[in-house]
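2 protein chains.
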Amino acid sequence: MGSEHTVKSFDEELRRLDNMVAEMGGLAEVQLQSALEALIRRDIEKAAEIVANDRRLDHLEAEVDQHTIAMLARRQPMAKDLREIVGALKVASMIERIGDYAKNVAKRTGAIAEMPPVPSAQTVVRLGGLAQQMVKDVLDAYLSRDVEQAKSVRARDRELDALYTSIFRELLTYMMEDPRNISACTHLLFVAKHIERIGDHATNIAEIVHFLVTGEMPLDDRPRQDESEMTIVTAHVPSDEE
Amino acid sequence: MGSEHTVKSFDEELRRLDNMVAEMGGLAEVQLQSALEALIRRDIEKAAEIVANDRRLDHLEAEVDQHTIAMLARRQPMAKDLREIVGALKVASMIERIGDYAKNVAKRTGAIAEMPPVPSAQTVVRLGGLAQQMVKDVLDAYLSRDVEQAKSVRARDRELDALYTSIFRELLTYMMEDPRNISACTHLLFVAKHIERIGDHATNIAEIVHFLVTGEMPLDDRPRQDESEMTIVTAHVPSDEE
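Going down the list, the sequences are from chains A and B. Quick note: the first sequence uses my numbering, first residue 1, plus one each step. Quick note: the second sequence uses my numbering, first residue 1, plus one each step.
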């Protein structure tokens with residue numbers, strides 16, 4: 001059994017799969033973009049729309065699942081074709097999760113909008129911009145099977161993690177300065193964490209692109225390092241003597 | 001082409017796949033259990049071991065991936081068999097993520113152990129116990145293809161979410177009472193969120209069990225509802241008049 005497929009409609013089916021993944025990717029990008037806009041404008045209505053729109057991504061993922069299972073059953077593909085199909089299945093589930101995080105950002109917008117503004121919101125949106133560019137580039141890399149572009153996305157995750165860690169410290173400091181900031185800052189912390197996770201998923205997709213093109217996962221360790229997990233910020237509490 | 005397989009060794013390969021998933025599940029359970037113990041005992045060394053052990057889960061998931069791809073290629077399964085294989089692939093990736101969350105809990109233990117104890121740590125560990133039971137039960141349900149047990153896990157996610165939401169409020173209150181609690185409480189908040197996510201993944205696995213047995217995903221909406229995302233806790237700040 002050769003691994004080459006000569007039936008033209010198999011290519012068509014693969015293309016259809018790519019198109020479905022591309023549609024999901026485009027939708028996830030829009031969701032993230034809108035979530036960041038809603039956050040910065042404190043737009044609760046828009047946030048609610050984003051939450052509602054997430055269902056489309058869930059449905060699209062279910063369609064990709066069905067399509068891949070049907071292709072596996074009907075076509076019994078080998079080697080590279082099989083990799084393509086399993087790759088699409090994995091990428092679709094990662095895009096669905098990126099959409100979930102965009103939805104989670106939107107969900108927090110309601111609570112954040114009802115509280116006094118915190119200066120860090122702008123920095124969080126900048127973090128979101130970085131993640132958004134990673135998502136955009138990794139989807140391009142996936143659709144063009146571009147390993148170099150995928151590598152560059154993977155490398156950029158370090159930058160995202162560093163900015164996230166500094167936001168973490170900044171938000172903790174605001175909380176310590178004034179307890180009235182605690183609620184808003186806590187929600188912003190989670191928003192920042194969601195965005196950091198979007199970067200992780202973009203990195204995961206970059207690794208799948210590497211796998212699709214080369215047949216192997218990247219061997220070097222992931223650059224990912226979120227140092228906020230070890231971060232302690234000490235509150236300066238006036239002692240009785242002061 | 002019939003969907004029944006008569007070759008005995010296909011069953012053996014499926015069994016091997018189940019065993020691999022069972023091994024992953026057992027390891028994830030132990031990781032979660034150890035992470036909760038390390039958290040309550042403020043045991044930094046144990047926490048570091050858990051972080052290191054997570055690699056085994058990553059490797060096991062890669063093995064499951066390879067084995068499933070090889071099975072798909074060699075066996076060209078249809079219908080229920082195909083569902084079993086794709087199901088194992090998905091369950092393995094969910095278990096890997098449960099392991100990731102256990103690792104994330106362990107990572108925060110270092111920071112938490114260096115700060116004064118917060119009363120909520122006990123409640124967070126109780127939340128962990130609930131999640132642990134869900135993971136254990138859903139793995140049993142998966143291995144015995146028990147839809148009823150899977151349903152009961154799915155239903156319990158509501159309880160987990162409710163406890164998580166109350167922990168969220170409690171931790172915010174501690175932060176507002178004393179800024180010295182902010183660092184520890186923030187890390188505990190993330191620990192609680194990781195545990196809540198473990199419950200979500202147990203629920204995802206429960207849905208796969210439903211799919212494996214019935215051929216369809218459960219139709220009713222997910223019980224999942226984390227209300228902490230909308231939670232605002234207002235700080236009582238003494239005004240100038242007080």
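Just so you know, the hints here were simulated from the structure itself, not pulled from any lab data. Treat the hints loosely; a few may be bogus.
Below are the DSS-like pairs computed for lysine-lysine, each with C-alpha atoms no more than 30 Å apart in a straight line [said to hold, decoys possible]:
(1) K193(A) x K46(B)
(2) K80(B) x K46(B)
(3) K151(B) x K46(B)
(4) K136(A) x K151(A)
(5) K151(B) x K136(B)
(6) K193(B) x K136(A)
(7) K136(A) x K46(A)
(8) K80(B) x K151(B)
(9) K193(B) x K80(A)
(10) K136(B) x K193(A)
(11) K80(B) x K46(A)
(12) K46(A) x K80(A)
(13) K193(A) x K80(B)
(14) K193(A) x K136(A)
(15) K136(B) x K80(B)
(16) K136(B) x K193(B)
Source: prediction; values computed, not measured.
Going down the list of hints, with the structure as the test:
1. In summary, the hint linking K193(A) to K46(B) is supported, as the alpha carbons are separated by about 25 Å, within the 30 Å threshold.
2. A threshold of 30 Å between alpha carbons decides the hint, and for K80(B) with K46(B) the separation of about 42 Å lies outside it, so the pair is violated.
3. With a CA separation close to 34 Å, the supplied pair K151(B) and K46(B) exceeds the 30 Å bound.
4. Proposed proximity of K136(A) and K151(A) is supported: the alpha carbons are some 14 Å apart, at most 30 Å.
5. Taken as a hint, the K151(B) and K136(B) pair is honoured in the structure, with Cα atoms around 14 Å apart against an allowance of 30 Å.
6. Only pairs whose Cα atoms come within 30 Å are accepted, and K193(B) paired with K136(A) is accepted, the gap being roughly 28 Å.
7. Between K136(A) and K46(A), the direct Cα distance comes to roughly 22 Å. Compliance with the 30 Å bound is thereby established for this hinted pair.
8. The straight-line distance between the Cα atoms of K80(B) and K151(B) is roughly 21 Å, inside the 30 Å bound, and the hint therefore holds.
9. As the CA atoms of K193(B) and K80(A) are separated by approximately 39 Å, the hinted pair breaks the 30 Å bound.
10. Straight-line distance between C-alpha atoms of K136(B) and K193(A) comes to about 28 Å, which keeps the hinted pair within the 30 Å bound.
11. As the CA atoms of K80(B) and K46(A) are separated by approximately 42 Å, the hinted pair breaks the 30 Å bound.
12. A C-alpha spacing of about 42 Å is found between K46(A) and K80(A), which places the hinted pair above 30 Å, so the restraint is violated.
13. Note on K193(A) and K80(B): the hinted pairing is violated, with a Cα-Cα distance of about 39 Å set against a maximum of 30 Å.
14. Distance restraint check for K193(A) and K136(A): the Cα-Cα separation of roughly 19 Å lies within the 30 Å cut-off, and the hinted pair is therefore satisfied.
15. For a cut-off of 30 Å, the pair hint linking K136(B) to K80(B) stands: about 25 Å separates their Cα positions.
16. Straight-line distance between C-alpha atoms of K136(B) and K193(B) comes to about 19 Å, which keeps the hinted pair within the 30 Å bound.
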